[in-house]
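S.K.: Can you build the whole structure from these sequences, using the hints too?
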Amino acid sequence: MGGGTASPNKQDADTFPKLLLKNAKSLAEKPAIREKEYGIWQSWTWAEVLEEVKCFAIGLKKLGVKRGQKIAVVGDNRPRLYWSMVAIQSLGGVPVPVYQDSVVEEMSYVLDHAEVVGAIVQDQEQVDKILQIAEGVNRIKLIIHDEERGLRDYKVDGLYSFVNVQEMGRKLLSDKPETLEEWHQDIAKSKGDDVSILLYTSGTTGKPKGVMLSFNNIMISAQNGNRFDSLNENEEVIAYLPMAWIGDHIFSFGQSYAAGFCVSCPESPETVLDDRREIGPTYFFAPPRVYENLLTEIMVRMEDAGTIKKKMFHYFLAVARRCGERILNGEPVGLMDRLLYGLGELCIYGPIKNRMGFSRVKVAYTAGEAIGPEIFSFYRSLGVNLKQLYGQTESSVYITAQPDGEISAETVGTPVYDVEIKIKKNGEVQYRSPGVFVGYYKNDEATNETKTKDGWVNTGDAGFFDANGHLKIIDRAKDVGQLNDGSMFAPKYIENKLKFYPNVKEVVAFGNGQDICAVFINIDLTSVSNWAERNNIAYASYQELAGHPEVYKMIEEHVDEVNLSLASEPRVSGSQISRFLILHKELDADDGELTRTQKVRRNFVGERYAPLIEALFSGKTSAYISTEVTFEDGRKGVIEADLKIKDMITHPPVKFDEAAE
Amino acid sequence: MSAVENPRQISGEVLLNVEDISLSFGGVKAIRGVSFNILKGEIRAIIGPNGAGKTSMLNVINGFYHPQEGKITYKGETRSKMRSHVAAKQGIARTFQNVALFKGMSTLDNLMTGRLLKQREGILQQTVDMLLHAVYLGPAKRQEVVERKVVEEIIDFLEIEAIRKTPVGRLPYGLQKRVELGRAIAMEPELLLLDEPMAGMNLEEKGDMSRFIIDLNDQYGTTIALIEHDMGVVMDLSDRVVVLNYGEKIADGTPNEVSANQDVIDAYLGVS
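From first to last, the protein sequence lines stand for chains P and C.
Add 233 to a position in the first sequence, counting from 1, and you land on the number used in our numbering.
Add 1002 to a position in the second sequence, counting from 1, and you land on the number used in our numbering.
Rather than coming from a laboratory, the hints here were simulated on the basis of the structure.
Note that the structure is a prediction, hence the values are computed from the model and not measured.
The C-beta atom is built at its ideal place from N, Cα and C for all residues, glycine as well.
A couple of the hints might just be wrong.
[Unchecked claim] Sample of chain C residues at the chain P side, in silico, Cβ under 8 Å:
no.: 1; residue: E1149
no.: 2; residue: E1154
no.: 3; residue: I1157
no.: 4; residue: E1163
no.: 5; residue: A1164
M.R.: Structure below.
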């Protein structure tokens, strides 16, 4: 599957410092960055940013920062920290943003591994951490802090405030005017192929790895991203995600420099919601949980509203559900619905969007993990152009994204400009693009494992293209297996589909090396008990409710819907759920069945419930199980149960062209 | 590289001196002949078991109660009783054991009330100002901008940006306490009296509050007298501690001296 057209982005400004010089000329009076301070938004134009960066960079040079050296940048999203990155780059150094909430040990590993010689940090908290780290890592000789507070009495060699450093630079500039020329020469020395930034992946598996990205990587990806969504210098963005994360580096830094749009930094992490409302971003990015939380908050607050408001809210939400997405996609919609939708916009959708800070959103993205289809369409039906994209640090974010009008909750879109994608035999997604990273810092082994000689990168994710040419990510490649008839079995994909039903709390799918696919289901007590109350179903315990025939019937409907949806996808239609059972107890971290972050420990569950799995695959209609459980006070007990196993009818795979409608 | 912290400079100059203070309500003797002083720039704790007369002592200092006997010397001026508005005018601010904020007003407005004393005096002038404020004109506008800036700095200092516009009645207790501290700071006091600033707070909130008190003392040089029951906090924060029991002073000194004092131990644990 090939990418889009090659992009015409050859230009003279091939590094961010060069781009800053250019923007300061061409967009001199346009705001470049904003920060809310003392309750008022302060802004800096591109020309002013250049001035700030210049003084700081020259101060840094005086303090001994040299080409090739690495400097850590730690803190919340602050203009001065963004400026620091360009200042470091202008001297030929490499900024290493670090997650500001990491504890000393984690930070220490990164700073040591990256061989940083100094750190530019936000406040006292971070200074204390770096000082502690510097005791073990002797290389760190320089610490510069943004905020003064609490640091007045620190008598430490090499500790400076940001303003001090700028003053040094300013003084040098006025004493020796030739410094400016030297600085411009420093900037000219860096080229697009040079490493521009070192970003550490969060390291869910093993130690964090330092991803080296060149100026070209970031810049071309940012330009392509801008072109994909037609972003220009008039966009508004709010920078609130960690600076050490590639997403923020692209959205709030790369794309802003490339397009020239203004980035706003919130007053504090707690005020993001209010600040966003004041700024009204036109381009917005958030992981799914942000959208979930916003929606929950609105729903909860609506419960407290008066009757008339509540009725209006629900009425117009129904209207939006009926026609909102179609209107957003530009599809034909009846006149009556259009009028009602317009009225709804006036009374309900507009105010809600304003509340959430989405009034002006042109493009909003979600990525990182699967988003519930209902949440996704809620926002779209209100007229928020929410889309999905797929990317990783190693690709400078962009691999695929959804073009306007081709949106689905289940896919992650088509390849962005200049990106080529291949699906390997085992289902793993491979890509090649101008954003592909230079390599892992000091880890050639990992680089060679991930990146082939001719520039293809293994994502580690399994996926496939659907009938419309949209990529669908289904699972981690190493978790994907096969049924005995050779059809692909992607447990996470099946589990997620079921988990989107509010009645289902947890699912564990089995099938690798078996004839059929079978699942354990945990019901969600809150929502099922609520349902039971409404339907006059009496029960005395979780176990009784879980085993209730009516509950089985309801879950069976869900499973059938999932099967139907699996049948419509050629790649996974072979692994429809043939049998299921509802577990008599909730999977619990105290019993070791879940991790502390509430993820299922598949292998452990497999061993613990071996008799149930055996029963699922041997065709029995019920199974006896006795398990030891740990109560909250630490006592142990035994739960016994006879669990029913339900057989499901699988659906014939839907033909390719039918699925495409 | 390692941090070498400077010990704070306490000048030795006496800011407030109370001498032989006695206070009684009818037959009840709340304070009996207590004397102690507060040095400029220090953090002074007043501790003691329930009913020892701590809050009464604070009330005497800021002129809420008028003692029957004794003298109060504040900034070199001696008087037998202080009137509370004069005390406020002269730079003594306080917070209360039970939060005393305007519940229906926002955090910002509550802090702005702390600035009222900085405005012009006299009924006529205040009426004119009020009218000017109402139409947001001329000097009133300029003044509002100045005051607002001071208040915003306090909001930044106390990290309460997120609740700037929230009515304080809706805030959790710990935050209300913080707003109350903010209002007292807004008066730019020389002497700040804190009546149980940490009461009812959890560990994290206590930590935050302690940091604000230290920073306030350190950065702005505000002298602080506080009543507190959490001994850990008292021992960590204060430079000197005075201990009251049944209205009498039983000890006075550094936290270490006081905690080793047998009378103090007896007062807290009881004597068999």
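S.K.: Run every hint past the structure and note whether it holds.
M.R.: Hint check results:
1. E1149: violated (13 Å)
2. E1154: Since the shortest Cβ distance to chain P is 4 Å, the answer is holds.
3. I1157: Given a least distance of 7 Å, the restraint on C/I1157 holds.
4. E1163: Holds, about 5 Å.
5. A1164: Since the shortest Cβ distance to chain P is 4 Å, the answer is holds.
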